[in-house]
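Single-letter residue listing:
Number of protein chains: 2
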Amino acid sequence: MTFATAGIACPTMHSSSQDRITLAHGEGGRQSRRLIAEVILPALNPADQHLTEDAACLPQPTGPIAFTTDSFVVSPIFFPAGDIGSLSVFGTTNDLAVAGAVPLWMSLALVLEEGLPMSILSRVLASVGRAAREVGVRVVTGDTKVVPKGMADGLYINTAAVGLIRPPVPAGPTALAVGDELILSGPIARHGVAVLAAREQLGILPEPTSDCGSLLPGVEALRRRSIPVRAIRDATRGGVSAVLHEWARDCRLSLSINELSIPVADETRGVCELLGLDPLHVANEGTMVIAVAPGAGEAAVAALQELPQHRQAALCGVVQVRQLASVVVQRGLGRAIPLDEPQGAPLPRIC
Amino acid sequence: MTFATAGIACPTMHSSSQDRITLAHGEGGRQSRRLIAEVILPALNPADQHLTEDAACLPQPTGPIAFTTDSFVVSPIFFPAGDIGSLSVFGTTNDLAVAGAVPLWMSLALVLEEGLPMSILSRVLASVGRAAREVGVRVVTGDTKVVPKGMADGLYINTAAVGLIRPPVPAGPTALAVGDELILSGPIARHGVAVLAAREQLGILPEPTSDCGSLLPGVEALRRRSIPVRAIRDATRGGVSAVLHEWARDCRLSLSINELSIPVADETRGVCELLGLDPLHVANEGTMVIAVAPGAGEAAVAALQELPQHRQAALCGVVQVRQLASVVVQRGLGRAIPLDEPQGAPLPRIC
Chain A
30 MTFATAGIAC
40 PTMHSSSQDR
50 ITLAHGEGGR
60 QSRRLIAEVI
70 LPALNPADQH
80 LTEDAACLPQ
90 PTGPIAFTTD
100 SFVVSPIFFP
110 AGDIGSLSVF
120 GTTNDLAVAG
130 AVPLWMSLAL
140 VLEEGLPMSI
150 LSRVLASVGR
160 AAREVGVRVV
170 TGDTKVVPKG
180 MADGLYINTA
190 AVGLIRPPVP
200 AGPTALAVGD
210 ELILSGPIAR
220 HGVAVLAARE
230 QLGILPEPTS
240 DCGSLLPGVE
250 ALRRRSIPVR
260 AIRDATRGGV
270 SAVLHEWARD
280 CRLSLSINEL
290 SIPVADETRG
300 VCELLGLDPL
310 HVANEGTMVI
320 AVAPGAGEAA
330 VAALQELPQH
340 RQAALCGVVQ
350 VRQLASVVVQ
360 RGLGRAIPLD
370 EPQGAPLPRI
380 C
Chain B
30 MTFATAGIAC
40 PTMHSSSQDR
50 ITLAHGEGGR
60 QSRRLIAEVI
70 LPALNPADQH
80 LTEDAACLPQ
90 PTGPIAFTTD
100 SFVVSPIFFP
110 AGDIGSLSVF
120 GTTNDLAVAG
130 AVPLWMSLAL
140 VLEEGLPMSI
150 LSRVLASVGR
160 AAREVGVRVV
170 TGDTKVVPKG
180 MADGLYINTA
190 AVGLIRPPVP
200 AGPTALAVGD
210 ELILSGPIAR
220 HGVAVLAARE
230 QLGILPEPTS
240 DCGSLLPGVE
250 ALRRRSIPVR
260 AIRDATRGGV
270 SAVLHEWARD
280 CRLSLSINEL
290 SIPVADETRG
300 VCELLGLDPL
310 HVANEGTMVI
320 AVAPGAGEAA
330 VAALQELPQH
340 RQAALCGVVQ
350 VRQLASVVVQ
360 RGLGRAIPLD
370 EPQGAPLPRI
380 C
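Sequence lines, in order, name chains A and B. Mind the numbering: the first sequence is residues 30 to 380 in the numbering used here, read in order. Mind the numbering: the second sequence is residues 30 to 380 in the numbering used here, read in order.
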């Protein structure tokens with residue numbers, strides 16, 4: 030009998046304790062153990078059954094490593110083209126990918142709210158398993174806590190991951206130089222808009238979908254073609270604007286982008302106009318900003334466009350000598366306008 | 030100006046946004062960046078200022094590694110002799126220590142509730158920094174999310190850590206054999222009782238204090254003396270009972286402990302009797318169960334007792350041929366009684 034088939038209740042057990050998370054599932058006793066053995070482990074890689082140990086013992090990495098973590102508190106838990114489970118895998122392993130590392134091992138820590146339906150947990154865990162297999166990362170250690178009703182919003186997930194750094198690693202934003210070209214790997218603002226539309230039930234058709242996905246293939250494509258990459262960053266919270274502002278600070282130059290070159294899906298633009306949001310400030314979860322050496326932009330775009338998820342990759346900007354504004358946007362056919370740094374909370378809880 | 034001195038408000042800013050966490054602190058824009066730069070980083074190791082990168086790039090470990098994670102949702106956040114900050118460091122690095130690893134690098138992920146006073150966050154972060162320096166682990170990567178008021182209980186913390194495995198590593202509970210001796214490294218049930226007494230404001234005097242602390246020195250002391258250790262486990266959620274039951278399942282033998290030999294502080298025993306709790310089921314956060322080869326128990330206890338935190342280490346039990354009950358307790362002078370496996374939720378949210 031497994032909790033994964035929670036719809037088929039065993040008549041000898043209280044369905045309340047079988048179908049929903051209770052505080053006892055977080056107390057380290059038999060209930061915790063059964064949750065791990067019957068719900069959590071089967072959803073992940075069956076080879077990873079040593080997850081019940083307190084720490085995973087792993088072989089020596091064959092080179093330098095990258096290490097990163099992210100917590101996920103997205104609302105709603107499920108959104109078009111993703112959910113908190115896939116997001117927790119892609120979000121963390123994308124941080125490794127843009128650092129030049131191949132994901133090896135991941136941890137999965139759940140904070141569950143008392144009363145969470147077991148069916149929801151199972152769906153989320155299945156999504157974690159699928160995404161982890163797609164990325165090729167192994168979930169090797171985990172943790173489960175349960176908080177009383179009202180003290181979390183369904184569930185929160187934390188993932189941390191270790192990856193193997195594969196040279197050459199981009200020098201990073203401090204190495205940006207005048208004339209470097211700026212690329213976006215695909216249409217921007219899809220994730221934030223999809224989550225917002227789902228949360229607010231805006232009823233937009235076609236339904237905006239998230240770009241939630243792995244950046245590893247795109248990074249690998251650039252590496253295979255030996256593109257001279259200076260810096261790569263996934264444009265998550267704060268969107269493309271946050272990345273450009275951080276890079277401008279790091280290199281002490283100005284970054285200029287051309288609005289007409291920036292890919293934005295029609296349904297994304299529609300929602301942004303409706304709500305007064307600038308797509309440049311809205312979060313992505315499978316789209317990156319790439320800076321390459323002068324003249325390398327077109328080859329980089331061609332390499333990316335061979336992948337279905339990056340078919341709309343585009344050359345969008347350039348690094349310039351320092352001006353008054355550190356980030357400027359050529360808006361339409363007019364003059365360059367400074368781009369504000371994201372400050373407030375236009376879109377809370379999108380990851 | 031730093032947020033760390035939040036009591037001295039800068040008159041040109043709204044004190045509301047300076048003194049308390051707002052949703053904007055979690056959105057990846059300027060407010061997030063300032064929180065990281067002005068509150069989080071200064072509390073941790075000043076050498077770790079590259080925390081603003083998405084992933085930490087680290088040198089190749091010199092051998093096999095251990096990797097572990099834990100989330101912390103303890104209530105209340107502060108309790109006698111510890112808080113959620115020190116707990117999040119010791120809890121995770123203790124998992125490495127009992128796996129035979131020396132902690133190297135740690136991640137720190139915060140889920141903050143909107144409205145959390147900045148002074149509370151600063152106190153917790155200072156505690157994280159102190160504990161990390163004590164253990165010798167470097168906080169190299171992190172994440173901050175903010176959830177709306179009512180969707181977390183102040184703050185939750187996740188830590189994950191990577192450690193270097195140092196041979197010899199104990200073979201683990203499957204290797205337990207008849208005649209092996211069982212040791213407790215100190216008085217049990219202190220953490221669970223201290224948190225419970227603080228949460229319920231029981232007003233017990235002397236105030237029960239947590240054992241929240243590092244197990245690394247104890248594990249190192251056993252290694253230095255070349256004690257033939259079979260298995261070590263920190264007795265956290267589910268207490269000593271959960272460890273013994275897990276070990277009994279793994280080795281298919283019975284574990285017998287003698288109640289009179291088990292160290293329990295008077296104030297702990299008092300609270301347990303008041304509330305009908307068995308100290309064997311109550312969580313510890315700086316106390317471990319150790320199994321050693323036959324005859325090695327006294328040397329192990331002597332090695333541990335040289336450390337102030339393990340002065341009351343005691344030889345408490347033995348591994349026996351399999352009986353009907355997998356774990357038995359010699360209660361007082363009477364006969365051996367089976368020890369229940371912890372199941373329910375006697376003490377929710379103690380870690």
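Don't read these hints as lab results, they were simulated from the structure. Given the structure is predicted, the values throughout are model-derived calculations rather than measurements. Incorrect hints may have been included.
In this list, chains with the same sequence are indistinguishable; a pair is considered to hold if it fits within one copy or across any two.
The list that follows gives simulated cross-link-like pairs (lysine to any residue, SDA-like), each with its CA atoms no further than 20 angstroms apart [what the hints assert, rightly or not]: (1) K178 to Q338; (2) K178 to I149; (3) K178 to Q341; (4) K178 to E249; (5) K178 to E229; (6) K178 to V207; (7) K178 to P146; (8) K178 to S151; (9) K178 to D48; (10) K178 to E142; (11) K178 to P105.
Quick rundown of the hints versus the structure:
1. With identical chains, the CA atoms of K178 and Q338 are never at most 20 angstroms apart, being 39 angstroms at best within one copy and 37 angstroms at best between copies.
2. Taking CA atoms no more than 20 angstroms apart as the test, K178 paired with I149 passes inside one copy only; the shortest distance there is 16 angstroms, against 24 angstroms between copies.
3. In this assembly of identical chains, K178 and Q341 lie within 20 angstroms of each other by CA distance neither inside one copy nor across copies; the values are 44 angstroms within and 39 angstroms between.
4. Taking the shortest alpha-carbon separations for K178 and E249, neither the intra-copy value of 44 angstroms nor the inter-copy value of 41 angstroms comes in at or below 20 angstroms.
5. For the identical chains of this complex, K178 and E229 are inter-copy neighbours only, at 19 angstroms across copies versus 23 angstroms inside a copy, given an alpha-carbon limit of 20 angstroms.
6. Taking the shortest alpha-carbon separations for K178 and V207, neither the intra-copy value of 54 angstroms nor the inter-copy value of 45 angstroms comes in at or below 20 angstroms.
7. Taking CA atoms no more than 20 angstroms apart as the test, K178 paired with P146 passes inside one copy only; the shortest distance there is 12 angstroms, against 23 angstroms between copies.
8. When the C-alpha separation of K178 and S151 is checked against a cutoff of 20 angstroms, the pair qualifies only within one copy, where the shortest distance is 19 angstroms, while the shortest distance between copies is 27 angstroms.
9. In the homo-oligomer, the alpha carbons of K178 and D48 lie at most 20 angstroms apart inside one protomer (15 angstroms), although the nearest pairing across protomers, at 28 angstroms, exceeds that limit.
10. Within a single copy, K178 and E142 get their C-alpha atoms as close as 6 angstroms, and across copies as close as 15 angstroms, so both meet the 20 angstroms cut-off.
11. Taking the shortest Cα distances, K178 and P105 sit within 20 angstroms of each other both inside one copy (17 angstroms) and across copies (16 angstroms).
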